[in-house]
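Based on the hints, put chain B with the ligand in the right spot on chain A.
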Amino acid sequence: MNGWMGQILRINLTEETVNVEELDQTLAKDYIGARGLGTKIFCDEVEPTVDPLAHENKLIFATGPLTGTAAVSGSRYNVVTKSPLTGTIAASNSGGYFPSELKYAGYDVVIFEGKASRPVYIVIDDDQVKIESAEELWGETILETDNQLRAKYGDNFRIAAIGPAGENLVKFACIMNDRERAAGRSGVGAVMGSKNLKAVIVRGTQGVRVANKGKFKDVLRNCLGKIKESGVTNEGLPALGTAVLVNIISEHGNLPTRNFQKGNFEGAEQVSGEALADELLVKNKACAGCPIGCGRVSLVPDGEYKGFGEGPEYETLWAFGPDCGIDNLEAITKDNFICNELGLDTITMGTTIACAMEMYEEGIITKDELGLELEFGNAQAMVEAVKLTGTREGIGDLLAEGSYRLAEKYDCPEYSMSSKKQEYPAYDPRGSQGMGLEYATSNRGGCHVRGYLTSPEILGIPEAIDPLTIEGKAEWVKIFQDLTGVVDASGICLFTTFALGGGDIHELLEAVTGVGYTEEEMMKVGERIWNLERLFNYEAGVGPDEDKLAKRLVEEPLPEGPAEGKVVGLETMLEEYYQLRGWTPEGDVKEEKIAELGI
Amino acid sequence: MKVKLLATLRNITDCNELELEVENIQEVVEKLIELYGEEMKTELLESDQLDETITILVNGRNMLYLNGLKTKLKRNDIVTIFPQVAGG
Ligand code: SF4
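Chains as they are written, first to last, in this note's numbering: chain A, 1 to 599; chain B, 1 to 88.
Excised from the complex, chain A in its bound form:
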């Protein structure tokens, strides 16, 4: 096979057995790889009603055919499992170097099943695969785990691990690879923890075969040219990282502030990408084969928030900043470092604290219960809350359940800014209506990287559309969701789509795999993935009734700014969306659709 390595590695942790299986070529063609192939295999093998933290749940690491190739930013893999946070399918994407190394070791997909009777880690060294005791690593932070494994195996191995948060089954624990890249959302790290699997280390010596080398070179030259020409990928992202958005989204009145009570933050400038670049930035960092290099490495040289490491990204700056009413850049950056060490998703962590802060200020939860003065703007209390969550100490035990379960416990689920129990990222959809439809319909709950409508609505890419209207948004959302499925499945970074279009991705896929997709067939793969995920969720008990938004977003108008007076016009968009998707008016996937897509 070209692009694919042709092998699946299956590791049964209960039996401590390792098997290598051949990758089914038709399946690979129909689902491409990573999020697509991983989801297909997962859905074929796991009962949708499974308890996410039971040994019957499986954890799948899946790469795409472009992962590990010279294709721009071909650095990604997806972790697919059933999420303990949402009860839906989870596919969490990460870059760095670990994913490519999995390919070089000879595997497209690794399936972890069962549960180890003691803490273990896996060593994958080409075709030599071993299960080793991790008793001594259990309880260690991500950095310490990485240090110890490197000391033992050397720097040639790439490492993915969980921290104390994953071990303690925090519902939004992530899996960190290459120390500081995260398969961040939906609690995939808790599933790894539930299997007593502390880390996976990998080294490979094989190359990825490319079907048409000449064509690949030409396509690559063209793609690199576009990335160089685009102000976004050549200038904005390298210079300011994703954090460039803080000021821009705030100016648009879309920067959720104090748990989405308003849409612009008076302290935005202090926590902006510009401030970060001036004050704390040490250097940029890129994932394997990426010419963009959007990653940040920051240093807080001294004081109570002293620290050094990767981040913060836009989402993190927002979640610990404006959403918690905090304008202290050092405290936010410190929280980022702590999350990286403990293995916590920064979005859900920050927004869960923001939810607790509002509940505290409303008198729903008391200082005695919290053990902290958790009011908006209290940076010290916020940092303390993050530490407690990773270890589930004190109030951390409740925060570790995410904002929905926290608010539900106090009979006020409306304080949780989430869909399908996963918290929203950093865009208020009352000022970006299409994003509202995306949040409501996303198969893994509140999420911006399933169909990033901010791109046309706010950033004017690929063209500007009015963020305050609902007309035509359903079609944009559908196209973006399907294309994102393809990008995720192929193994390249979604950020390339700020410069590249569907046509470029099609050409890359074609040159590498040579399977003869038309562009239309490629987009069908995206649609197939979307429908398969939805069918799984339905069987798991998360049906169309859950295509909804937090009450605040559909009932409380934004109090000021350009979107003043707006709520999300969800109902109308949803109706049009179901129709475009070819589903019933109630949002059920029709048998004809299943047959058409060959699911």
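Fair warning: there could be bad hints in the mix.
Under the rule of at most 30 Å between Cα atoms (straight-line distance), these lysine-lysine pairs were calculated in the DSS-like manner [claimed, not checked]:
no., chain 1, residue 1, chain 2, residue 2
1, A, K387, A, K285
2, A, K285, A, K226
3, A, K130, A, K152
4, A, K409, A, K262
5, A, K524, A, K29
6, B, K72, A, K262
7, B, K70, B, K41
8, A, K262, B, K74
9, B, K41, A, K228
10, B, K4, A, K283
11, B, K41, A, K226
12, A, K217, A, K29
13, A, K58, A, K548
14, B, K2, A, K262
15, A, K58, A, K387
16, B, K4, A, K228
17, B, K74, B, K31
18, B, K70, B, K31
19, A, K387, A, K367
20, A, K387, A, K283
21, B, K4, A, K285
22, B, K4, A, K262
23, A, K590, A, K524
Simulated restraints on C-beta separations [said to hold, decoys possible]:
no., chain 1, residue 1, chain 2, residue 2, range
24, A, G565, B, Q49, 31 to 37 Å
25, A, D397, B, G37, 58 to 64 Å
26, A, G565, B, K31, 31 to 37 Å
27, A, T366, B, G37, 56 to 62 Å
28, B, E19, A, C412, 42 to 48 Å
29, A, G543, B, L50, 43 to 49 Å
30, B, L69, A, T469, 20 to 26 Å
31, A, L580, B, L69, 34 to 40 Å
32, B, L18, A, E555, 35 to 41 Å
No lab work stands behind these hints: they were computed from the structure.
In this text, a Cβ means the ideal position worked out from N, Cα and C, and glycines have one as well.
Frame of chain A; chain B with the ligand shown alone:
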């Protein structure tokens, strides 16, 4: 009115915002070029027209949905200008 400059535009101006007294957006663009010369011109214009990749907001609303370059400005208005950027 206040004119805020974001992202890499600040490399040219070395300031985050300035006060201008002009009638409309077209005049804001002209004034900025007058103040900051060739470098600002290259950033803002493409064949003497406003570069499509430049976004201009008036009180947070994209001028595309107002009256474009002819959008009239009042004393307390806030104009925000930035080049094409993205994140996520
Ligand atoms: S754009 Fe950023 S996140 Fe994406 S591959 Fe490049 S460095 Fe990694």
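Against the structure, the hints come out as follows:
1. For the proposed pair K387(A) and K285(A), the alpha carbon gap of about 26 Å is at most 30 Å, so the pair holds.
2. With a CA separation close to 21 Å, the supplied pair K285(A) and K226(A) stays within the 30 Å bound.
3. About 15 Å separates the Cα atoms of K130(A) and K152(A), which keeps this hinted pair within 30 Å; it holds.
4. Taken as a hint, the K409(A) and K262(A) pair is honoured in the structure, with Cα atoms around 25 Å apart against an allowance of 30 Å.
5. Proposed proximity of K524(A) and K29(A) is supported: the alpha carbons are some 11 Å apart, at most 30 Å.
6. For the hint pairing K72(B) with K262(A), the CA-to-CA distance comes to about 27 Å; that is within 30 Å, so the pair holds.
7. As the CA atoms of K70(B) and K41(B) are separated by approximately 19 Å, the hinted pair is consistent with the 30 Å bound.
8. Using a Cα cut-off of 30 Å, the hinted pair K262(A) and K74(B) holds, with the two alpha carbons roughly 25 Å apart.
9. Pair hint K41(B) plus K228(A) holds up; C-alpha atoms about 21 Å apart against a cutoff of 30 Å.
10. For the suggested pair K4(B) and K283(A), the alpha carbons sit about 26 Å apart, so the restraint of at most 30 Å is met.
11. For the hint linking K41(B) to K226(A), the alpha-carbon distance of about 23 Å falls within 30 Å, and the restraint holds.
12. For the proposed pair K217(A) and K29(A), the alpha carbon gap of about 22 Å is at most 30 Å, so the pair holds.
13. Distance restraint check for K58(A) and K548(A): the Cα-Cα separation of roughly 28 Å lies within the 30 Å cut-off, and the hinted pair is therefore satisfied.
14. Of the pairs offered as hints, the one joining K2(B) and K262(A) holds, with about 22 Å between alpha carbons and a cut-off of 30 Å not exceeded.
15. Proposed proximity of K58(A) and K387(A) is supported: the alpha carbons are some 29 Å apart, at most 30 Å.
16. Proximity of K4(B) to K228(A) is assessed by CA-CA distance (about 27 Å); at most 30 Å being required, the pair is judged to hold.
17. Between K74(B) and K31(B) the alpha-carbon distance is near 16 Å, which keeps this suggested pair within the 30 Å criterion.
18. At roughly 15 Å between alpha-carbon atoms, K70(B) and K31(B) fall within 30 Å of each other, so this suggested pair holds.
19. For the suggested pair K387(A) and K367(A), the alpha carbons sit about 17 Å apart, so the restraint of at most 30 Å is met.
20. Annotation: proposed proximity of K387(A) to K283(A) holds, straight-line Cα distance about 27 Å (limit 30 Å).
21. Between K4(B) and K285(A) the alpha-carbon distance is near 29 Å, which keeps this suggested pair within the 30 Å criterion.
22. About 21 Å separates the Cα atoms of K4(B) and K262(A), which keeps this hinted pair within 30 Å; it holds.
23. Of the pairs offered as hints, the one joining K590(A) and K524(A) holds, with about 16 Å between alpha carbons and a cut-off of 30 Å not exceeded.
24. The hint said 31 to 37 Å for the Cβ distance between G565(A) and Q49(B), and at roughly 34 Å that hint holds.
25. A hinted range of 58 to 64 Å for the beta carbons of D397(A) and G37(B) is consistent with their spacing of about 60 Å.
26. Range check, G565(A) to K31(B): Cβ separation about 32 Å, and the 31 to 37 Å hint holds.
27. One distance hint, 56 to 62 Å for the beta-carbon pair T366(A) and G37(B), holds here, with the actual separation near 60 Å.
28. The hinted range of 42 to 48 Å is satisfied by E19(B) and C412(A), whose Cβ atoms lie roughly 45 Å apart.
29. Checked against the given bound of 43 to 49 Å, the beta carbons of G543(A) and L50(B), roughly 48 Å apart, stay inside it.
30. Between L69(B) and T469(A) the C-beta distance comes to about 22 Å, which sits within the given range of 20 to 26 Å.
31. Separated by about 35 Å at the C-beta atoms, L580(A) and L69(B) satisfy the suggested range of 34 to 40 Å.
32. The given range of 35 to 41 Å is respected by L18(B) and E555(A), whose C-beta atoms sit roughly 40 Å from each other.
Hint compliance for this structure: every hint is met.
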